[in-house]
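Single-letter residue listing:
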Amino acid sequence: MMAQDLYYLMLVLFSTGVISVFFTGNSRKITNYFAHSMALMGCALGILCAIFVFIQGKASIVLPVVLPFGSVTANIDYLSAFFLALVGMVGMATSIYAYGYTQEYYQCRLPAMAGLYNAFLLSMVLVLTVSHVVAFIIAWEVMSVVSFFLVNHEHDKKVNTRSAYIYLVMTHIGTVFIIIAFLLLAIGSSSMDFSQLQGNLVSATWRNVIFICAVIGFGTKAGMVPVHIWLPRAHPAAPSHISALMSAVMLKTAIYGMCRFFLEFLGIGPLWWGIVILVLGIITAVIGVLYAFIEHDLKRLLAYSSIENMGIILLGIGAGMVFMSNQQLGLAGVAFSAALYHVFNHALFKSLAFMGAGAVLKVTHTKNIEQLGGLIKKMPYTAVCCLISSVAIASLPPLNGFISEWLTFQSLLFLPQALAGITGKVFSAILIALLGLTGALAAACFVEAFGITFLAKPRSKQAAEAVEAAPSMLLGMGLVAILCVVSGVFPKVMLTIVSQTLMGFSNVSVGGLVSDDWYAIGFTAGQNSGDFSAAATLLLLASGLVLAWLLYIAFGRGKVAVGETWTCGIVPNSHMEYTATGFSKSIRMVFKSIVHSHYETLVNANDYKYHGQKLFYHVRIQYLFVSRFYGPLKNSIIQGAGFMKSIQTGSVQLYVGYIMVVTVVILIWSIGW
Amino acid sequence: MVKGGIEVMVSIVQALGVAFVAPLIAGVIKTIKARLQNRRGPRILQVYFDLRKLLTKDSVVSPTVSWIFNVAPYVYFASSVAAAGMLPIFFFSGEKTGDLFTLIYVLALGRFFLVLASLDGGSAFGGMGGAREMFIAILVEPALLLSMLIVAFKAQTANLGLMASHALSSSFSVTYIFGMIAFFIVLLAETGRIPVDNPDTHLELTMIHEGMTLEYSGKKLALIFWGAAVKQLIMMLLFVLLFLPGNAFGSATFIWTIVKVLLVAVGIALAETSTNKMRLFKVPKFLAVSGLLSLLALVSQ
Amino acid sequence: MNVVTILLLFTALLLTRVSGLRTAVYIILVQSFMTALACAAVGIETGEGHMYVAACLTAIIKVWLIPYALLNIVDKLQNVREDHPILSVNYSAVGACIAIVLSYALIDQALPGAGSRDALASAITMTLIGLLLIMTRRQALMQIIGLITMENGIYLVGLSVTKGLPLIIELGIFFDVLVAVVVLVILTYRLKLSGMSTDTSMLKKLKG
Chain A
1 MMAQDLYYLM LVLFSTGVIS VFFTGNSRKI TNYFAHSMAL MGCALGILCA
51 IFVFIQGKAS IVLPVVLPFG SVTANIDYLS AFFLALVGMV GMATSIYAYG
101 YTQEYYQCRL PAMAGLYNAF LLSMVLVLTV SHVVAFIIAW EVMSVVSFFL
151 VNHEHDKKVN TRSAYIYLVM THIGTVFIII AFLLLAIGSS SMDFSQLQGN
201 LVSATWRNVI FICAVIGFGT KAGMVPVHIW LPRAHPAAPS HISALMSAVM
251 LKTAIYGMCR FFLEFLGIGP LWWGIVILVL GIITAVIGVL YAFIEHDLKR
301 LLAYSSIENM GIILLGIGAG MVFMSNQQLG LAGVAFSAAL YHVFNHALFK
351 SLAFMGAGAV LKVTHTKNIE QLGGLIKKMP YTAVCCLISS VAIASLPPLN
401 GFISEWLTFQ SLLFLPQALA GITGKVFSAI LIALLGLTGA LAAACFVEAF
451 GITFLAKPRS KQAAEAVEAA PSMLLGMGLV AILCVVSGVF PKVMLTIVSQ
501 TLMGFSNVSV GGLVSDDWYA IGFTAGQNSG DFSAAATLLL LASGLVLAWL
551 LYIAFGRGKV AVGETWTCGI VPNSHMEYTA TGFSKSIRMV FKSIVHSHYE
601 TLVNANDYKY HGQKLFYHVR IQYLFVSRFY GPLKNSIIQG AGFMKSIQTG
651 SVQLYVGYIM VVTVVILIWS IGW
Chain B
1 MVKGGIEVMV SIVQALGVAF VAPLIAGVIK TIKARLQNRR GPRILQVYFD
51 LRKLLTKDSV VSPTVSWIFN VAPYVYFASS VAAAGMLPIF FFSGEKTGDL
101 FTLIYVLALG RFFLVLASLD GGSAFGGMGG AREMFIAILV EPALLLSMLI
151 VAFKAQTANL GLMASHALSS SFSVTYIFGM IAFFIVLLAE TGRIPVDNPD
201 THLELTMIHE GMTLEYSGKK LALIFWGAAV KQLIMMLLFV LLFLPGNAFG
251 SATFIWTIVK VLLVAVGIAL AETSTNKMRL FKVPKFLAVS GLLSLLALVS
301 Q
Chain C
1 MNVVTILLLF TALLLTRVSG LRTAVYIILV QSFMTALACA AVGIETGEGH
51 MYVAACLTAI IKVWLIPYAL LNIVDKLQNV REDHPILSVN YSAVGACIAI
101 VLSYALIDQA LPGAGSRDAL ASAITMTLIG LLLIMTRRQA LMQIIGLITM
151 ENGIYLVGLS VTKGLPLIIE LGIFFDVLVA VVVLVILTYR LKLSGMSTDT
201 SMLKKLKG
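Protein chains in written order, with the working numbering: chain A, 1 to 673; chain B, 1 to 301; chain C, 1 to 208.
These are computed hints drawn from the structure, not numbers from a lab. All figures in this text were calculated on a predicted structure; none of them were measured in a lab. Just so you know, not all the hints are guaranteed correct.
Partial list, derived from the structure: chain A residues whose beta carbon lies under 7 Å from chain C [claimed, not checked]:
1. Ile637
2. Gly650
3. Ser651
4. Val652
5. Gln653
6. Gly657
7. Met660
8. Leu667
9. Ile671
Quick list of in silico lysine to any residue cross-link-like pairs, SDA-like style, CA-CA up to 25 Å [said to hold, decoys possible]:
10. A:Lys585 x B:Lys277
11. C:Lys204 x A:Gly478
12. C:Lys207 x A:Tyr658
Not close to chain C: a few residues of chain A, all C-beta gaps over 10 Å, as computed [claimed, not checked]:
13. Phe52
14. His153
15. Leu183
16. Asp297
17. Lys377
18. Thr496
19. Val626
Just so you know, even glycine gets a beta-carbon here, dropped at the ideal spot from N, CA and C.
Required output: the full structure, derived from the provided sequences and hints.
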């Protein structure tokens, strides 16, 4: 079948990309273009493969790998195809972007980065498609290790090595839990193939254990609180197109794993499963966006925003599971489609945001937004792309972020039908209110990020000397930006794809999701319904714009005079502008109990004691989970290890003595005295 | 398609109508406030004349700003007008185009661009105004959602038309009193009235909305004023349609709606004159009161 | 067979008492020669050809090559003696006796009434004495000798239990020992060259 050939070809292309860096190592330009072209073609084939699977049905490919637990097949069903298409889309954009971006790395181990980039894409494609437990775990591990090397690429800076180390430790903790979950399932079903794994062959307590292991394991990779601490360190450390790929796609492989577990393997579970995920989701969302708002490192801000969006996806999944356990399949379909739609949206706008941040970083060599400003005049196209991504992340209509937020709100609105009683109502109300809070915080965060980075006057010399980004970077960003706009205005296309993805699962019903009108999306599940018309919103907005323009020209065209910004009479300079720290101060004060900011003001006196002093205002925040949970954990582990250290004296004789004692003891014991 | 098209037309006409009426209500509030303060106050139609004056003036634009500054008033105005089109004023309007969350987020779109424009000027006034505006918006969103959820949970839908008809047909109870007070607090916060923000001041430490728009002049300022007035009328109409049920005149719902809107205007004026602007960091507590009242209302349903 | 066994035990006991390095190397030479003889004897008994090959290999590697290298080292080390072992020579001898008693008791418990009781017991004794040597001696060379003793012991266990292991396994064991001894010899040489003593308890200073 077509899909199978495309799949093989895609794997071959990625592998060629990996191997090619060994042979084109001398000329950096050829390495750059060849490897990234391989990746680009591979991603394009991935999209085509997914399209063919959607049209023709499931595809099954036997991989020529020998593993001791049976043959390895790659079953591309609709869910895999959905995520595969996602990888393809984001991968294509980042590959085009990488042509221009990696020119900065020509002296900095470019062949390694290009080869690992292809390997990263290859491992992610494998994770999303293989259907054999051991093969999945191997592919997952390869993905983690390759991304570790990519995060550690600029290892001359100590902060990067530290971030990569924390990432490695956390992702392996997650992998341990995933392995436990998979093995428990495989033991219960006596098979290593995904199609044979079924949760109802395992007893109830073990199903709960599998659930908890799956949540912790996949949650670590997804950046769920409280195992999220690697995310805000790893994403800024990696090169920007890698950060885009990690944030847009790698986090989604964890969501893919969760969907497989909850929709297919574990089946319908008790109510508390969904509630646990709902609670974790909302905590993740609120904490993520809170810390994002307080950050002033651009990529760290985007990383925390990714955590927030993963929280929203978890909300959708949690609501879906609650509905599933209450046998309300239609509403479960709405909730899961909200989650999957947000997966798609987040991949698009977050990759766009990271690419924009990368462009800014490449041109100004700083990630600190307190040193940027005025870039909209120097980098107009980048600014437009970043504006589109900011508006989309803030989930404002008419862009695509709003659609998935709307679907999530709708699925939470109907939660009291599944959670009976006053507690159910209050719980759902608090969830909706907190989701609204995160939406508003996200909007504020991106107003600050975009406003302080791009608007007003430049705050440092580097920002003043910025130039527009390279054309290939603009092309990559532009493609994704157009996709954002189009999928916001025509949400029906994506919703159809999402509903077809979910059609393969019997525990959710998406029959009520499609509507006939081209301009609206809606759903009917029992007597619950809701619909949203993007076209109507656009038309209303357009009419408002027309009215505004009419008013504008109705009274003659006035003159526009140029006058400096009012700053009480002085000529304004960049020191008068608002800073990011100042912008978020009020929220820092309101959420003091979570954030615990410490302020330091440093006064730098010079010769004149009474005149010309400089004032530095520095904010340090306490990261809640690191200080309350991981810090004490780390200290206790180190103490325990120190305690165990005393058996190692460094003396060869003592070590041999240990061996001798153990040998004699084993001899005596085995003989059975 | 045709049915959908007719509804969209009705919504557009409704939006334009609301936009046209909004300055009148703003004028009414000003006059009532003045009378309560023992002044004569401006005529009720004064706001229209102010807008006309602004529309004929030239404008002064700073060289620091970019195209966002020029675009923002349009977006703000358009978003306010679009949100006005989603209100369920008539019994058939708003059903196909209006949804609770769409309305809130369309208003948020306008605010997003306005705050961006305030940062664009590069002055501390703009930055502070924008920062405080986002601060209050962050706190208002959950409170607004909670109070609207009182009706939404009861009606089990987020469609504004269905919610309004459900509200109309349900009886008056303690729930509604709690909901009224909660939404009234949110109304004061969202429209920037005392005790949250002072719409008449121009001192930088006390202005939030005015601080954001300090750099604007001429036609763009007129658009922003008008947009703010439309937003105010939208909030008042939401209050009336969802939280003041009761239909004394039978089928002449429309006239009764107008009467209720005027009553709300009087209420706002009373609220403004009877208290002073509170400190900025007391606003979270104020809105928390609103949230708690909404939760109480939900519990007592 | 009994004579060889007793002589092997005797050499092992002797090793725990010597403190001169050259003497120790000569004793290990004799011990390896006996092991080769034992292997040849088994070969004569079972009549299999590969046992002769193994005996020859043992003779070449353990009687000639390894003692040759060790004697070279001893010459380079000039006047080093094992003066202060961790366990003094008298107590080492007592420890060796305990090892003999222990191994006889073990063999009686595990395989009561076995024909090759003496051979097995002495083989296990040699292993334990080899471990004891490594454990209680400071000089690197003495530890090499202890390793060779241990290996002889294990080899003899293999011989007496199976009456001839397959050649491949024997080759494997040989190469294993060869490599280990080569590494240790080089190490001792480097230790001497870098001016430090070959006292392995000095390695404790490397601990971080």
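- Query: Taking 7 Å as the limit, does the beta-carbon of A:Ser651 come near enough to a beta-carbon in chain C?
  - Reply: This hint holds: A:Ser651 lies near chain C, its Cβ roughly 5 Å from the closest one there, short of 7 Å.
- Message: Quick check on the hint: A:Ile637 CB to chain C CB, less than 7 Å?
- Response: Cβ of A:Ile637 sits 19 Å from chain C, so the hint is violated.
- Given hint A:Met660 near chain C, where the shortest CB pair must fall under 7 Å: 4 Å, holds
- Task: Take a quick look at whether A:Lys585 and B:Lys277 sit within 25 Å of each other, Cα to Cα.
- Result: 21 Å, holds
- Message: According to the definition I'm using, a residue is off the interface if its beta carbon is farther than 10 Å from all beta carbons of the partner; does A:Asp297 meet that for chain C?
- Response: A:Asp297 is indeed farther than 10 Å from all Cβ atoms of chain C, at 35 Å.
- Going by Cβ atoms, does A:Val626 stay more than 10 Å from chain C at every point? 28 Å, holds
- Task: For the hint on A:Gly650, just tell me whether its beta-carbon gets within less than 7 Å of chain C.
- Result: 3 Å, holds
- Message: With the threshold set at 25 Å, check whether the alpha-carbon distance from C:Lys204 to A:Gly478 stays at or below it.
- Response: Violated, at roughly 63 Å.
- Message: Would the non-interface assignment of A:Phe52 survive a Cβ cutoff of 10 Å against chain C?
- Response: About 54 Å separates A:Phe52 from the closest Cβ of chain C, which puts it past 10 Å; holds.
- Message: Please verify whether C:Lys207 and A:Tyr658 have alpha carbons no more than 25 Å apart.
- Response: Satisfied, since the Cα-Cα distance of roughly 18 Å is no more than 25 Å.
- Could you let me know if the closest chain C CB is still more than 10 Å away from the CB of A:Leu183? Per Cβ check, A:Leu183 is outside 10 Å of chain C; nearest 35 Å; holds.
- Can we confirm that no CB of chain C comes within 10 Å of the CB of A:Thr496? 63 Å, holds
The structure does not agree with the numbered hints 1 and 11 stated previously, though it agrees with the rest.
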